[in-house]
Amino acid sequence: MKKSTIKYPTGWVPESAFGIWFLNTDIWIHHVLKLSLDALEEVMFPKHERYPTILDIGCGHGNSLVQLDKRFKPDKMFGVDVDPEVIKRSKDNIQRCQSDIEIMINNAASINLPDNAVDMIFCHQTFHHLIDQESAIQEFYRLLKPGGVLLFAESCRRYIHSLVIKVLFRHPMDMQKTDEEYLELIRTAGFIYQPENVSKPFLWWSRADLGLLEKIGWKSAKDREGTREETLVYLAAYKPE
Numbered sequence: 001m002k003k004s005t006i007k008y009p010t011g012w013v014p015e016s017a018f019g020i021w022f023l024n025t026d027i028w029i030h031h032v033l034k035l036s037l038d039a040l041e042e043v044m045f046p047k048h049e050r051y052p053t054i055l056d057i058g059c060g061h062g063n064s065l066v067q068l069d070k071r072f073k074p075d076k077m078f079g080v081d082v083d084p085e086v087i088k089r090s091k092d093n094i095q096r097c098q099s100d101i102e103i104m105i106n107n108a109a110s111i112n113l114p115d116n117a118v119d120m121i122f123c124h125q126t127f128h129h130l131i132d133q134e135s136a137i138q139e140f141y142r143l144l145k146p147g148g149v150l151l152f153a154e155s156c157r158r159y160i161h162s163l164v165i166k167v168l169f170r171h172p173m174d175m176q177k178t179d180e181e182y183l184e185l186i187r188t189a190g191f192i193y194q195p196e197n198v199s200k201p202f203l204w205w206s207r208a209d210l211g212l213l214e215k216i217g218w219k220s221a222k223d224r225e226g227t228r229e230e231t232l233v234y235l236a237a238y239k240p241e
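Sequential numbering from 1 applies to the sequence shown in the UniProt record's numbering.
These are computed hints drawn from the structure, not numbers from a lab. No experiment lies behind these values; they were computed from the predicted model shown. We treat Cβ as the ideally placed atom computed from N, Cα and C, and that holds for glycine. Accuracy of the hints is not assured; some may be wrong.
As the list claims (entries may be wrong) - FRET-style restraints, in silico, Cβ to Cβ:
hint	residue 1	residue 2	range
1	Asn112	His161	29 to 39 angstroms
2	Glu229	Glu42	21 to 31 angstroms
3	Thr227	Lys88	37 to 47 angstroms
4	Pro84	Pro172	14 to 24 angstroms
5	Arg228	Asn112	38 to 48 angstroms
6	Asp92	His48	38 to 48 angstroms
7	Pro240	Lys91	33 to 43 angstroms
8	Ser110	Phe22	41 to 51 angstroms
9	Gly190	His48	31 to 41 angstroms
10	Pro84	Thr227	40 to 50 angstroms
11	Lys88	Glu196	24 to 34 angstroms
Just need the whole structure built from these sequences, with the hints factored in.
As structure tokens, this is what we get:
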């Protein structure tokens with residue numbers, strides 16, 4: 001595993017201490033990360049048997065590397081993060097992986113890899129931390145091989161602007177987007193996708209009330225499917241051949 005001496009990058013809002021802790025809990029791993037990957041696999045049309053080279057954006061503690069390794073059997077994975085502490089935090093999870101893994105301390109908008117370098121890019125709950133989102137999505141397009149897939153799972157503006165998230169986590173609030181704005185950003189960068197490549201789940205943890213009102217039998221009109229502002233968007237987008 002290579003270590004970088006790059007200075008702490010700009011263009012990113014660091015996570016809170018609570019957020020750093022939470023991203024390594026069983027709740028996060030089992031109820032967010034694993035379920036997100038399950039949902040993303042369901043919208044992968046087409047889907048290849050293997051993805052030899054994978055780039056994980058915002059690899060953090062390395063929990064996503066373990067899941068990607070199990071599901072897609074890559075030969076090589078690059079874990080990118082702006083926080084140099086991930087080199088230490090991800091060490092144990094890296095040892096659990098079968099593939100060769102290189103951790104890179106890079107801003108997501110400027111990654112030290114050549115054009116057409118990877119078969120898959122995984123960006124899970126990272127994009128809303130970025131400030132220069134347009135440059136980042138263009139960088140993803142540059143790095144992905146023709147025919148490669150971007151697995152994108154993101155919390156949308158409604159969720160990030162909710163009170164509990166504002167209190168516990170840190171984000172660039174003026175950069176948050178709706179589901180449709182994220183989809184348009186990705187399409188404008190050159191990626192292609194069809195309606196069957198998109199999912200917009202309304203999961204309990206993405207709601208301001210954590211789903212409690214629905215559990216007691218009450219559901220707001222603004223939360224009905226088709227009329228609500230979505231809290232999440234999952235997408236499998238492809239770079240044209």
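Hints versus structure:
no.	hint	result
1	Asn112 / His161: 29 to 39 angstroms	holds, 33 angstroms
2	Glu229 / Glu42: 21 to 31 angstroms	holds, 23 angstroms
3	Thr227 / Lys88: 37 to 47 angstroms	holds, 46 angstroms
4	Pro84 / Pro172: 14 to 24 angstroms	holds, 20 angstroms
5	Arg228 / Asn112: 38 to 48 angstroms	holds, 40 angstroms
6	Asp92 / His48: 38 to 48 angstroms	violated, 29 angstroms
7	Pro240 / Lys91: 33 to 43 angstroms	holds, 38 angstroms
8	Ser110 / Phe22: 41 to 51 angstroms	violated, 28 angstroms
9	Gly190 / His48: 31 to 41 angstroms	violated, 20 angstroms
10	Pro84 / Thr227: 40 to 50 angstroms	holds, 44 angstroms
11	Lys88 / Glu196: 24 to 34 angstroms	violated, 41 angstroms
When each numbered hint is compared with the structure, violations occur for hints 6, 8, 9, 11.
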